[in-house]
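Kindly generate the complete structure, drawing on both the sequences and the hints.
Residue numbers (our numbering), protein chains in the order written: chain A, 1 to 152; chain B, 1 to 302.
Rather than coming from a laboratory, the hints here were simulated on the basis of the structure.
Built from N, CA and C at the ideal position, the CB exists for glycine as well.
Hints may contain errors.
Unchecked claim - Restricting the straight-line Cα-Cα distance to at most 16 angstroms, the calculated cross-link-like pairs of lysine to aspartate or glutamate (EDC-like) are:
#1 B:Lys-253 <-> B:Glu-210
#2 A:Lys-120 <-> B:Asp-86
#3 A:Lys-68 <-> A:Asp-101
#4 B:Lys-14 <-> B:Asp-148
#5 A:Lys-130 <-> A:Asp-145
#6 A:Lys-120 <-> B:Glu-82
#7 A:Lys-146 <-> A:Glu-131
#8 B:Lys-177 <-> B:Glu-198
#9 A:Lys-24 <-> A:Glu-49
#10 B:Lys-187 <-> B:Glu-234
#11 B:Lys-80 <-> A:Glu-119
#12 A:Lys-120 <-> B:Glu-113
As the list claims (entries may be wrong) - The following residues of chain B were derived to be distant from chain A, with all beta-carbon distances above 12 angstroms:
#13 Arg-32
#14 Asp-86
#15 Lys-237
#16 Lys-276
Unchecked claim - Take a look, some chain A residues computed to stay more than 12 angstroms from chain B by CB distance:
#17 Glu-70
#18 Thr-102
#19 Cys-114
As a plain string of letters, each chain reads:
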Amino acid sequence: MTQIKELKVSAIENGTVIDHIPSKNVFQVIKILHLEEAGDMVLFGTNLESKKYGKKGIVKASNKFFKKHEINKIGLVAPNATLIVIKDFQVKTKEVVKLPDTIEDIVKCFNPNCITNHEKVTTRFTVVDKEAVKLRCHYCEKITDKKNLIIR
Amino acid sequence: MKNKSLVSISDYTKEQQLHLLDVAEGFEKNPRQNLLNNYVVATLFFEPSTRTRLSFESAVSYLGGKIIGFSDTSSTSVQKGESLRDTIRTVANYSDVIVMRHPKEGAARFASEVSKVPIVNAGDGANQHPTQCLLDLYSIRKTQGTLDGLNVAFVGDLKYGRTVHSLVQALCQFNCKFHLVSPLELKLPSSVKVHIKEKKMEYMQYTELEEVIPKVDILYMTRIQKERFADPMEYEKIKNSFILKNEMLQKTKSNMKILHPLPRVNEIDEDVDDNKRAYYFQQALNGVYVRQALLTLILGLK
Ligand SMILES: [Zn+2]
Numbered sequence: 001m002t003q004i005k006e007l008k009v010s011a012i013e014n015g016t017v018i019d020h021i022p023s024k025n026v027f028q029v030i031k032i033l034h035l036e037e038a039g040d041m042v043l044f045g046t047n048l049e050s051k052k053y054g055k056k057g058i059v060k061a062s063n064k065f066f067k068k069h070e071i072n073k074i075g076l077v078a079p080n081a082t083l084i085v086i087k088d089f090q091v092k093t094k095e096v097v098k099l100p101d102t103i104e105d106i107v108k109c110f111n112p113n114c115i116t117n118h119e120k121v122t123t124r125f126t127v128v129d130k131e132a133v134k135l136r137c138h139y140c141e142k143i144t145d146k147k148n149l150i151i152r
Numbered sequence: 001m002k003n004k005s006l007v008s009i010s011d012y013t014k015e016q017q018l019h020l021l022d023v024a025e026g027f028e029k030n031p032r033q034n035l036l037n038n039y040v041v042a043t044l045f046f047e048p049s050t051r052t053r054l055s056f057e058s059a060v061s062y063l064g065g066k067i068i069g070f071s072d073t074s075s076t077s078v079q080k081g082e083s084l085r086d087t088i089r090t091v092a093n094y095s096d097v098i099v100m101r102h103p104k105e106g107a108a109r110f111a112s113e114v115s116k117v118p119i120v121n122a123g124d125g126a127n128q129h130p131t132q133c134l135l136d137l138y139s140i141r142k143t144q145g146t147l148d149g150l151n152v153a154f155v156g157d158l159k160y161g162r163t164v165h166s167l168v169q170a171l172c173q174f175n176c177k178f179h180l181v182s183p184l185e186l187k188l189p190s191s192v193k194v195h196i197k198e199k200k201m202e203y204m205q206y207t208e209l210e211e212v213i214p215k216v217d218i219l220y221m222t223r224i225q226k227e228r229f230a231d232p233m234e235y236e237k238i239k240n241s242f243i244l245k246n247e248m249l250q251k252t253k254s255n256m257k258i259l260h261p262l263p264r265v266n267e268i269d270e271d272v273d274d275n276k277r278a279y280y281f282q283q284a285l286n287g288v289y290v291r292q293a294l295l296t297l298i299l300g301l302k
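Given below as structure tokens:
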């Protein structure tokens, strides 16, 4: 018990903590943010007890600070994640990740006949449902939903 | 509407659509005007569609414009692997407006973002074909005198027909009642029904054609393709129940008109053609006036 507790709170000096990730999506978050290539310490946990969600996952990345479009990516697989920026062991900012109204570049359109899958085109989507994660392609106008979601 | 591409019907407001129909009426009265003298219109057909291309080229020719382009890609640089981006940028140097048809969905939207001249979408895969939608609206208004408060039946393949999807959506701007007649396998998808529900309009679904005929002002027929059925036996079972025959037109409203986007195969019996309710050939001709209106509005000549 004390050991689990220790992992949860084990602090990082500088970096970012992503909390309240759905447990099954922790590895996806790591992949999306390319943390497997990180040079500094990365801690992660899955199936941790959470008052809010029952089970949750967490990722702590030392010396990593994310840009806006990287935060958007997290929102696609962990729509309720909390993003905590740490500087000198202190919480600098704490915000809930929210899907933006539009998403550029990071998602592949699921429609195989969409022009974005044949030409060099930056994908663009309107988020039509933030809860269920439904994205309407700006080009082919088809809906890519959670089960068809591929991050490119 | 000057310099504004038309990719989806919803790119134009209801007011702009109605204004375009008004301008088209002027061209119906007088289709030969020298408005496009010295203008070059490119028609790029990345997949063949003779009917649509001829309609655009006829529209341009009656107005004295010049046409450049291709009717399929077999002898073009596209065949050599040129990107759509490069083709559009090149042709935009040589023309005032580009009319394009492409097999990939979203191609026209993409083209409108890389082109310095406006783009008119003449069909992008299964997605949009807005000039078909405008000529349908024109034909309905022309025959009924209004677009409001009509009873409109759609018959046939309501699942895959993009013409039906666009027109249903466009008619949702007006107060219409929808009668949807299709085999169970080819019902109108919920992604389109959502527009009807949003506007709180009435719709009814049928699997028999006969009972809607006396109720409606517009009977919009479409073709049912055998390939749409997983089980060929299912197709054989239903194929004859969605064919319109002259004898079925005994009890119709007097103002009722039959529309069809063409080409038809056998879903409207040829003996219907001489019935005064048959409007589908005039409907196709209306496409020329609507395209004349669109091109002159985009070029700022009207
Ligand atoms: Zn798409």
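For each hint, the structure was consulted:
1. Between Lys-253 (chain B) and Glu-210 (chain B) the CA atoms are separated by roughly 14 angstroms; this keeps the pair inside 16 angstroms, and the hint holds.
2. For the suggested pair Lys-120 (chain A) and Asp-86 (chain B), the alpha carbons sit about 11 angstroms apart, so the restraint of at most 16 angstroms is met.
3. Pair hint Lys-68 (chain A) plus Asp-101 (chain A) holds up; C-alpha atoms about 13 angstroms apart against a cutoff of 16 angstroms.
4. Restraint check for Lys-14 (chain B) and Asp-148 (chain B): satisfied, since their Cα atoms lie roughly 13 angstroms apart, inside the 16 angstroms limit.
5. Under the criterion of a C-alpha separation no larger than 16 angstroms, the hint pairing Lys-130 (chain A) with Asp-145 (chain A) is consistent with the structure, at around 10 angstroms.
6. A C-alpha spacing of about 12 angstroms is found between Lys-120 (chain A) and Glu-82 (chain B), which places the hinted pair at or below 16 angstroms, so the restraint holds.
7. For the hint pairing Lys-146 (chain A) with Glu-131 (chain A), the CA-to-CA distance comes to about 10 angstroms; that is within 16 angstroms, so the pair holds.
8. Annotation: proposed proximity of Lys-177 (chain B) to Glu-198 (chain B) holds, straight-line Cα distance about 14 angstroms (limit 16 angstroms).
9. Our distance criterion of 16 angstroms between C-alpha atoms is met by Lys-24 (chain A) and Glu-49 (chain A), whose separation comes to about 14 angstroms.
10. Annotation: proposed proximity of Lys-187 (chain B) to Glu-234 (chain B) holds, straight-line Cα distance about 15 angstroms (limit 16 angstroms).
11. Note on Lys-80 (chain B) and Glu-119 (chain A): the hinted pairing holds, with a Cα-Cα distance of about 15 angstroms set against a maximum of 16 angstroms.
12. Among the hinted pairs, Lys-120 (chain A) with Glu-113 (chain B) is consistent with the structure: their alpha-carbon atoms are about 13 angstroms apart, no more than 16 angstroms.
13. Consistency note on Arg-32 (chain B): stated as away from chain A, and its beta-carbon is indeed over 12 angstroms from all of that chain's, at 37 angstroms minimum.
14. Distance check for Asp-86 (chain B) against chain A: the nearest CB is about 10 angstroms away, which does not clear 12 angstroms, and the non-interface claim fails.
15. Separation of Lys-237 (chain B) from chain A is adequate, the least Cβ-Cβ distance of about 30 angstroms exceeding the 12 angstroms criterion.
16. Every CB of chain A lies more than 12 angstroms from the CB of Lys-276 (chain B), the least distance being 38 angstroms, so the non-interface label holds.
17. Remark: the non-interface label on Glu-70 (chain A) is consistent with the geometry, its nearest Cβ contact in chain B lying 25 angstroms away (cut-off 12 angstroms).
18. Non-interface call for Thr-102 (chain A) relative to chain B: holds, since the shortest CB-CB distance, roughly 15 angstroms, exceeds 12 angstroms.
19. The Cβ of Cys-114 (chain A) sits about 5 angstroms from the closest Cβ of chain B, inside the 12 angstroms cut-off, so the non-interface label is violated.
Hints 14 and 19 from the earlier list are contradicted by this structure; the remaining hints agree with it.
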